[in-house]
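K.L.:
Our numbering numbers the first residue of the sequence shown as 220 and each following residue consecutively.
In case anyone wonders, no lab produced these hints; they're calculated from the structure.
Treat the hints with care, since some could be wrong.
What the hints assert, rightly or not - Here are the simulated lysine-lysine pairs, DSBU-like style, with alpha carbons at most 30 Å apart:
1) 508 <-> 293
2) 508 <-> 451
3) 249 <-> 261
4) 290 <-> 451
5) 261 <-> 451
6) 508 <-> 601
7) 601 <-> 425
8) 508 <-> 249
9) 261 <-> 280
10) 280 <-> 290
11) 508 <-> 425
12) 293 <-> 280
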Amino acid sequence: MTSKGIMIVTLLLALMISATTSSPTSQDVKDVYSHIFNGYDKRVRPVWNQSDVVSVTLSFKLNSINEFDEKSQKLVLSGWFDASWSDESQTWNMSDFGDVPHVYVDGNSIWLPQIALANTFGRVNILSQLASSAAISANGEVEWFPGDSFVVTCEVDITYYPFDTQHCSLVFEIWDAPTSEVILQTSSEPVDVNFFEENGEWTLTKVEVGIPKIDDEVSSITYLLHLQRRPKFVVLTTIAPVLLLAFLNVCVFLIPLSSGEKNSFCVTVYLSYAVFLGTISSELPHNSKNASYLTIYLLTLLVFSVTIFLVTVIQVRLFIEYGDTPVPASVAKMFGYCTLGNRSKVKYSDKKDPDDVKDNRVQALIEDPELKQTNENRFCVKDLLPRLDVPLFCLFLAILCVITFVMGDLAFSRSL
Numbered sequence: 220m221t222s223k224g225i226m227i228v229t230l231l232l233a234l235m236i237s238a239t240t241s242s243p244t245s246q247d248v249k250d251v252y253s254h255i256f257n258g259y260d261k262r263v264r265p266v267w268n269q270s271d272v273v274s275v276t277l278s279f280k281l282n283s284i285n286e287f288d289e290k291s292q293k294l295v296l297s298g299w300f301d302a303s304w305s306d307e308s309q310t311w312n313m314s315d316f317g318d319v320p321h322v323y324v325d326g327n328s329i330w331l332p333q334i335a336l337a338n339t340f341g342r343v344n345i346l347s348q349l350a351s352s353a354a355i356s357a358n359g360e361v362e363w364f365p366g367d368s369f370v371v372t373c374e375v376d377i378t379y380y381p382f383d384t385q386h387c388s389l390v391f392e393i394w395d396a397p398t399s400e401v402i403l404q405t406s407s408e409p410v411d412v413n414f415f416e417e418n419g420e421w422t423l424t425k426v427e428v429g430i431p432k433i434d435d436e437v438s439s440i441t442y443l444l445h446l447q448r449r450p451k452f453v454v455l456t457t458i459a460p461v462l463l464l465a466f467l468n469v470c471v472f473l474i475p476l477s478s479g480e481k482n483s484f485c486v487t488v489y490l491s492y493a494v495f496l497g498t499i500s501s502e503l504p505h506n507s508k509n510a511s512y513l514t515i516y517l518l519t520l521l522v523f524s525v526t527i528f529l530v531t532v533i534q535v536r537l538f539i540e541y542g543d544t545p546v547p548a549s550v551a552k553m554f555g556y557c558t559l560g561n562r563s564k565v566k567y568s569d570k571k572d573p574d575d576v577k578d579n580r581v582q583a584l585i586e587d588p589e590l591k592q593t594n595e596n597r598f599c600v601k602d603l604l605p606r607l608d609v610p611l612f613c614l615f616l617a618i619l620c621v622i623t624f625v626m627g628d629l630a631f632s633r634s635l
């Protein structure tokens, strides 16, 4: 072949390649629209044989958790769906329409599955009522992308608050058609969290998809969200101050009885507990089936504070009214009074001289020098009470540690 012939063949090949790779024109797209909507009625299910079932495949794209109100048990989150199905009445031959692969249409112009959020907190959300668009491929495959903020009811279990994990579900079902006409099924990637934005209070630990429910009435899909609370804020603003108050409450036994501040100190701590209990109660739902361990712990500390208050009241009353009353010898020995180096040994004797009994007993007792020494060094209630403070401090501190350990173990033993 001559060089001229080679050039001609090359030119022809270039023209052929250019023709096969030409892009579709706007007129081609218009022709596709005219073709697929010619005689189209969106009220008719997209199958030629109306006894066939339309299978709608869903993939949920979770975007964010906007709000979780535990008191009203309301969860607000944002996301969108990638829903797909086959429409047998909207197909075309690409070679007849400039190789147009797909077109985009308004969702309101085609048949859409009536998918509704069944466990909504307020009004019923039907996805087809949302402004959305759809993509139609040449083979009749329709992809629809409805998105919105979904408000659902979520039953809250506050047993382990603030170390709790809540399980909230979104139930979507076909609103207007039985399973003999339309069914829902999940895609190979039923939930996509690649676009999820982290929440400051809750961590999304897992998303589960329930097996699509197909019964005699409607088809539905359930998405179960596992939300774990971030406890740092509650620990710093509530639990840590409560623990400090509990320790301060025990420290009342280190305040001297003579200061007169024991009772007022106990009342102040008690009122502080009441404030924290009221704060927590205002944040938690009142209709929860279970009480929070933190609430039980605060109530226990209230009883603990009342017990300490009663003990200090008894101490102060004994100190004021019975301070000069001698205590039995056995009690005095128990507290080591007889071993004090700066005091004489205390003598407690019930022996009486037979000769004194015969004489004037009162006069004999007054003039007895041994009895005078005993009266001057007697061990009284006002000497006993201060020595009870340290043992009482240790006792109530041990009780506080046991209560805190038990309640903490219960709170951390939750199942995620």
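K.L.:
Tell me, which hint numbers fail for this structure?
P.N.:
5, 6, 7 and 8
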